[in-house]
Amino acid sequence: MNEINIASAKYIAYENGDTFINIIINDQELTVPLDPANRHYAEIMRQVEAGTLVIADAE
Amino acid sequence: MSNAREIAQLGSVPSGRRNLIINGAMQVAQRGTSFTADNVYTLDRWKSGDGSGGSPARTLSQEVLSLGQTDIPNGYYYLRHNQTSASTNGNSSLVQNIENVTQFDGNTVTLSFYAKANSAMTVNVRFIQDFGTGGTPSSDVTLTESVSIGTGWAKYTVTKTLGSLSGKTLGTDGIHTSFLSINIELTPTTTFTFDITHVQLEVGSVATEFEHRFYGEELALCQRYYFELKSSQYSYGENKHFNFHPEMRTAPTVTVLAGSATLNRNRVQFITFNSYTGDTRFSADAEL
Chain P
8 MNEINIASAK YIAYENGDTF INIIINDQEL TVPLDPANRH YAEIMRQVEA
58 GTLVIADAE
Chain R
443 MSNAREIAQL GSVPSGRRNL IINGAMQVAQ RGTSFTADNV YTLDRWKSGD
493 GSGGSPARTL SQEVLSLGQT DIPNGYYYLR HNQTSASTNG NSSLVQNIEN
543 VTQFDGNTVT LSFYAKANSA MTVNVRFIQD FGTGGTPSSD VTLTESVSIG
593 TGWAKYTVTK TLGSLSGKTL GTDGIHTSFL SINIELTPTT TFTFDITHVQ
643 LEVGSVATEF EHRFYGEELA LCQRYYFELK SSQYSYGENK HFNFHPEMRT
693 APTVTVLAGS ATLNRNRVQF ITFNSYTGDT RFSADAEL
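The listed protein sequences derive, respectively, from chains P and R.
Using my numbering, the letters of the first sequence map in sequence onto residues 8 to 66.
Using my numbering, the letters of the second sequence map in sequence onto residues 443 to 730.
The calculated DSS-like cross-link candidates involving lysine-lysine, where the alpha carbons are at most 30 Å apart (straight line), are: (1) P/17 - R/672; (2) R/602 - R/558; (3) R/558 - R/597; (4) P/17 - R/682; (5) R/672 - R/682.
Hints in this document: simulated from the structure, not taken from any laboratory.
Taking the hints into account, I'd like the entire structure generated from these sequences.
Here it is, written out as structure tokens:
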């Protein structure tokens, strides 16, 4: 399988209007833009749709 | 083959830049030179993909040829795939995804590469036309050819005529999400080593001499897909702005590799951090 093992995901929203998703892969934090052309975002959405990942709300 | 004969066979093939593979000489290594995790990018643009059944333990590394060797004309670096334990759950592959499938509309293309293995083995070379993401893109189209690899360096070639794009539908996320995937599946489930370099994909039915590029040009080609700031030149502070040259394929995933920084703007041409410490290093990943 070529699935990316995402340990957790959480929305991050900034006052400038930009929103990202912070994910943890192999103990490393990655900041992912909400861009469907980005491979990490596409994988996040695939796992969310499959019901295997939940994105936590921004604080 | 003589140069004259090779030129004659080329016929109307255009001159100039020929190789559609990036980092075919395995010289650019922004992420490092040794990798153990599966399903990750290794040397620039080269992914170690999992097979359909799982992920055999393996180490990939950048290696160098002996100076003065004559097996590979003007060769220096190669990529070694070392499968370190017998696999019971499938094989793996070396993958490069070439952006924009519309470059390959019914073309005859030739893939060539130098390779060897520690014992004779078979690889399955796949050409996969992927029509991108978003909406309802057409299904992948795959062509496959098996190649027997020997124990000494040799040049291998595979020629295929790719499918026409007539009647196909691209994904709505744009042509930059579509690609032609070159997938070299390594079939043994035992332990083995497989070495490869001078990978070239070109339009036409002839495998021409490998096209050498200067390190700087190859690095620039790679940095559309991955960029790593090795040594920060910024001071402490807020709103540090970093421009990408060339612009990246898509807004990148950003990872802080050392130090501390918080991303607050992210585009194909630039990113901006706040709360940036002076020793921060980061990567920006826009791979396919």
